[in-house]
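A.B. asks: Chain B: place on chain A using the hints.
Quick mapping for you: the protein sequence lines, in order, are chains A and B.
With the first letter of the first sequence counted as 1, position 105 gets the number 104 in numbering that gives the first Met the number 0; the numbers rise by one all the way through.
With the first letter of the second sequence counted as 1, position 222 gets the number 221 in numbering that gives the first Met the number 0; the numbers rise by one all the way through.
Calculated from the structure, these hints are not laboratory results.
Each statement offered as a hint is correct.
Which residues of chain B face chain A? A few of them, derived with a C-beta cut under 10 angstroms, are: (1) A13; (2) H16; (3) S97; (4) S99; (5) I100; (6) P107; (7) I113; (8) G116.
Predicted model only: the values in this text are computed from it and were never measured.
C-beta: ideal position from N, C-alpha, C; glycine also.
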Amino acid sequence: MLAARALNDERRISGVWGAAPGDNRVSMIQVEHLTKRYGPTVAVSDVSFEVQKGEVLGFLGPNGAGKTTTMRVITGYLPPTEGKVTVAGFDVVENPIEAKRRTGYLPETPPVYPDMTVREYLGFVARIKAVPRAEVKKRVEETCEKSAVTEVRDRQIGKLSKGYRQRVGLAQALIHNPEVLVLDEPTAGLDPKQIIETRELIKNLAGQHTVVLSTHILPEASKTCQRVVVINHGQVVAVGTPDDLTRRLQGYETVLVTVEGPAAEIIDKLQRLEGVNLVEPRDASGPRVTIELHAERGHDVRPEAARAVVESGWKLFEIKTSGLSLEEIFLQLTTKDLGEQAVN
Amino acid sequence: MRNILAMAGKELRAYFHSPIAYVVMTIWTAMTGFAFYLHLWVYTNEIFRMQMMGGMGAPPISLNDVIIRPMLEGFLLVVLLFLTPVITMRLFAEEKRSGSIELLLTSPVTDLEIILGKYAGAFLLLLSLIALTFVYIGLLFIYGNPDPKPVIVGALGMLLFGAALLSIGMWISTFTKNQIIAGAITLAVLLLLYILVWLRDVAMGSVGQLIAGLSLGVHIESFAKGVIDVSDLVYYLSVVFLGVFLTARSVDALKGKP
Numbered sequence: 000m001l002a003a004r005a006l007n008d009e010r011r012i013s014g015v016w017g018a019a020p021g022d023n024r025v026s027m028i029q030v031e032h033l034t035k036r037y038g039p040t041v042a043v044s045d046v047s048f049e050v051q052k053g054e055v056l057g058f059l060g061p062n063g064a065g066k067t068t069t070m071r072v073i074t075g076y077l078p079p080t081e082g083k084v085t086v087a088g089f090d091v092v093e094n095p096i097e098a099k100r101r102t103g104y105l106p107e108t109p110p111v112y113p114d115m116t117v118r119e120y121l122g123f124v125a126r127i128k129a130v131p132r133a134e135v136k137k138r139v140e141e142t143c144e145k146s147a148v149t150e151v152r153d154r155q156i157g158k159l160s161k162g163y164r165q166r167v168g169l170a171q172a173l174i175h176n177p178e179v180l181v182l183d184e185p186t187a188g189l190d191p192k193q194i195i196e197t198r199e200l201i202k203n204l205a206g207q208h209t210v211v212l213s214t215h216i217l218p219e220a221s222k223t224c225q226r227v228v229v230i231n232h233g234q235v236v237a238v239g240t241p242d243d244l245t246r247r248l249q250g251y252e253t254v255l256v257t258v259e260g261p262a263a264e265i266i267d268k269l270q271r272l273e274g275v276n277l278v279e280p281r282d283a284s285g286p287r288v289t290i291e292l293h294a295e296r297g298h299d300v301r302p303e304a305a306r307a308v309v310e311s312g313w314k315l316f317e318i319k320t321s322g323l324s325l326e327e328i329f330l331q332l333t334t335k336d337l338g339e340q341a342v343n
Numbered sequence: 000m001r002n003i004l005a006m007a008g009k010e011l012r013a014y015f016h017s018p019i020a021y022v023v024m025t026i027w028t029a030m031t032g033f034a035f036y037l038h039l040w041v042y043t044n045e046i047f048r049m050q051m052m053g054g055m056g057a058p059p060i061s062l063n064d065v066i067i068r069p070m071l072e073g074f075l076l077v078v079l080l081f082l083t084p085v086i087t088m089r090l091f092a093e094e095k096r097s098g099s100i101e102l103l104l105t106s107p108v109t110d111l112e113i114i115l116g117k118y119a120g121a122f123l124l125l126l127s128l129i130a131l132t133f134v135y136i137g138l139l140f141i142y143g144n145p146d147p148k149p150v151i152v153g154a155l156g157m158l159l160f161g162a163a164l165l166s167i168g169m170w171i172s173t174f175t176k177n178q179i180i181a182g183a184i185t186l187a188v189l190l191l192l193y194i195l196v197w198l199r200d201v202a203m204g205s206v207g208q209l210i211a212g213l214s215l216g217v218h219i220e221s222f223a224k225g226v227i228d229v230s231d232l233v234y235y236l237s238v239v240f241l242g243v244f245l246t247a248r249s250v251d252a253l254k255g256k257p
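For reference, chain A alone in the conformation it holds in the complex:
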């Protein structure tokens, strides 16, 4: 048993070394060409990424994009159809117990037992997560402290508010002090105050733990994550830091023009302006037409657009730039054609 453990440790170390020779960054999670099919449905298709030790990685995508499936494969809940996933150097299929020992997982709904008290529950989880018997009590106390549930530790979980239940879920994931934390939508369904508290908690975990968290809320990713993997329809659409993504994607400026006049002619006219790449009517139902212009970066088309409209005798009501919000970037990434542009 001991010999086997030693061998495993050795393999783990060499595996990590092999992964990044001559690089002091250690990759804690490696997902290589992961594909997961449920019968004929493809949930995740050829996804690859790495997470470095101590990093907080955001997993971003609309609902049903394959975030939860990917996380479930990393945690060993679902076996991959194809591809390979290693956690701390251990293959989740070939060496599941060792991989699971080093992973803490908070599923979308906290996996709690409503009849148990917080303390009983965490005691049980500690035992099945291989916390040494003598340390169980101490670990439970420490973890309660860390995830701020100490004041409710003797209450039944079923009677706790959603925020507390979520924190108990987080405590459960932390109880065995895992190297890797996988959090599936950790702030879903919380109120704004709780969301901020949870984010703070996650930020404090970075460094000691390697964290992968999924979310479909963008500000969350930009606030808590150092790196983001955007996934849509089971495929990785973009990878980078939040700033990076914003910079890379905002390849053009958007101007919104509201004019009263014949829609078709206005569009035609604006399209011919210099530096304008794309003209799209946003709202052409009433007498006023709102049109969106995409212009080249660093090129402000507002004066020319205004002049063009006025010279034609149409009535200009509003003209403004519209910075690309993270939400819009996200929408563009997850709309198919623009998504491909993002990868390039």
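C.D. replies: Relative to chain A, chain B alone:
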């Protein structure tokens, strides 16, 4: 082993944290009490009748034959048949519904440890039920002197019978998220397996007899008489093993699903 114990403790605690354990125990005690009272009444009547007839020379009526054996082999087995689905229906269905199955399957424990732990928890509840029966039977030992050997063998038979029911119930509990459905299917399957014994009297061919031999009810008979037959022992242990094996297959199949 440690993981199995942790699981078993959690299951047992779940039974006693919810009304399940108390409801099951109350029903069981009431039913056992009723059966005990009925048989005791038959017994005392018999004694009175014999005294009235002045039959001093007649052989004494055995407590074992009139009270203990009928208690252990008839009515109470049917009560168990109805109570075990209540015990087993939540085992996996509840975890599936609440999502806590994800916690178990992502913990560094094997599927078999989870299954055996859950089974052990349910078994301990069954054991406490059967122990309750012996409150009544114990009274007979205080006020009379029945033969203890058939009592012990009969209790062992009941325990094995119950253990087989639990194993089948646990397997069926992996099919669904809905406890009621798991319970209803379990009850139907158990009743069917129990009444297969009827085939023994009506079936002509050897196939019919063979099927009747698979009945859960057939193999309890010799235990109730105070005889341990190895084939009966093997039968119940095989059912337990089969149930655990099928549960393991079923839990494995859960992982392929979203």
